[in-house]
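Enquirer: Chain residues, written in single-letter form:
Protein chains: 2
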Amino acid sequence: MGKFYSVGIGLGGGYITLAAKRALENADVIAVPAKSGKSTALSLIQDNVDISDKHIITLGFPMSRNTETREKARNSAVDTVAALLDTGKNTAMITLGDAAVYSTCSYVAKELAKRGYETETVSGVPSFCAAAARAGVSLCEGNETLAVVPAVNLDERFEEILDTFDNIVVMKAGKNLDKIYDMLEKRGLLGKAAAASNIGMNGEFVGKIPRGELGYFTTIIIKKGTP
Amino acid sequence: MGKFYSVGIGLGGGYITLAAKRALENADVIAVPAKSGKSTALSLIQDNVDISDKHIITLGFPMSRNTETREKARNSAVDTVAALLDTGKNTAMITLGDAAVYSTCSYVAKELAKRGYETETVSGVPSFCAAAARAGVSLCEGNETLAVVPAVNLDERFEEILDTFDNIVVMKAGKNLDKIYDMLEKRGLLGKAAAASNIGMNGEFVGKIPRGELGYFTTIIIKKGTP
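Chains A and B, in that order, give the protein sequences.
If you count by this note's numbering, then the first sequence holds residues 1 to 227, one letter each, in order.
If you count by this note's numbering, then the second sequence holds residues 1 to 227, one letter each, in order.
Rather than coming from a laboratory, the hints here were simulated on the basis of the structure.
You can trust all of the hints, since none of them are fake.
Heads up, the list lumps identical chains together, so a pair's fine if it works in one copy or across two of them.
Derived DSSO-like pairs (lysine-lysine); straight-line CA-CA distance at most 27 Å: (1) K172 x K224; (2) K54 x K21; (3) K186 x K172; (4) K192 x K110; (5) K224 x K72; (6) K208 x K179; (7) K3 x K54; (8) K110 x K208; (9) K208 x K3; (10) K110 x K224; (11) K72 x K89; (12) K224 x K114; (13) K114 x K192; (14) K192 x K3; (15) K114 x K208.
Note that the coordinates shown come from a computational prediction; the quantities given were computed from them, not determined experimentally.
Input sequences plus hints: build the corresponding full structure.
Expert: Have a look at this one:
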């Protein structure tokens with residue numbers, strides 16, 4: 001039976017770790033999650049990993065609000081990878097950032113492990129670390145706390161996090177800039193926040209939080225720091 | 001003038017990124033933070049980065065409770081690096097994990113930037129991502145929240161975080177295992193927590209939280225998951 005590797009590639013290019021490069025080069029098949037039919041991840045490894053002899057399989061994960069639709073697609077992806085592993089093919093699934101942080105790999109690996117397949121996770125640089133580096137700020141220092149939240153529920157609970165944590169990272173914030181902007185302005189925190197979008201890709205943006213909208217891969221870093 | 005690089009090396013070995021390897025190979029001087037006189041970081045890069053022609057400088061950062069002592073040591077470190085940069089030597093300071101997550105590099109880079117030196121941060125894999133990978137769990141999925149807290153103030157505020165976040169990472173938890181154990185037991189969360197210590201180093205431990213003590217580099221991952 002083949003082995004399954006969940007491989008975090010950071011933002012690709014120089015962010016790829018030596019272990020990720022090795023895992024990808026040793027794999028027979030590279031599996032690419034293709035959200036909405038677009039595959040960013042594959043294009044980000046091609047300059048540093050020779051994939052000329054690899055089989056590439058694109059796994060569809062529709063970003064539906066319907067839980068059943070999502071689960072059906074995920075199970076179908078697991079079945080597909082399992083079939084490849086059954087033929088003895090080592091399969092590496094690549095993911096942007098780290099394979100343990102908001103990654104579809106986690107789900108696939110967990111299901112495959114349940115079915116008795118051997119799995120291994122190869123860590124990568126999470127996008128929020130790359131965002132902090134590009135914005136020239138640290139995420140946490142000394143005894144500070146750090147909260148990482150997706151920009152889905154910017155409700156009272158989020159305001160509480162904003163008020164009680166030293167540093168806050170908001171993931172996938174591109175469509176919620178105005179709401180975050182207002183919350184920060186109210187608290188006098190606009191000067192302590194940075195936005196980073198599409199780092200290392202087309203349309204890269206790093207700077208103060210703008211009004212309006214940015215792309216899907218937008219991270220906001222709010223660095224209140226130690227009181 | 002030379003340029004200053006803050007380089008996160010993950011846990012060394014295969015965790016080193018291609019960009020980190022390049023930055024270290026292009027540096028004239030490699031600066032190593034030597035807390036309590038021990039340097040773990042340097043030994044972790046030697047198998048993958050040729051440092052035979054590098055000058056190595058060990059910077060002392062005493063882990064004193066005295067703020068003045070710490071600041072004096074930090075300023076002295078900044079002065080020392082600045083002197084090297086003044087002679088045109090590119091200097092790369094290495095740090096375990098990511099250079100933006102609880103790293104002494106952040107402070108040195110910030111001070112050097114204030115003094116007009118060119119600085120760049122090269123991201124690395126944070127230790128908590130490596131810990132999650134080795135423990136075979138994800139840090140966050142879907143719309144879950146993640147809190148990262150150092151094990152210094154395990155007070156009411158920490159209990160609140162424990163009760164309100166989906167996933168919690170406790171850093172440098174080696175001396176506080178019993179306290180964390182009790183808090184988790186009370187909440188029926190022991191089965192959802194893992195400890196990872198000294199990953200990729202001597203005395204590696206990955207498993208359920210034990211009673212007693214583990215080393216300085218101990219991370220606890222509490223994965224409550226989506227309610």
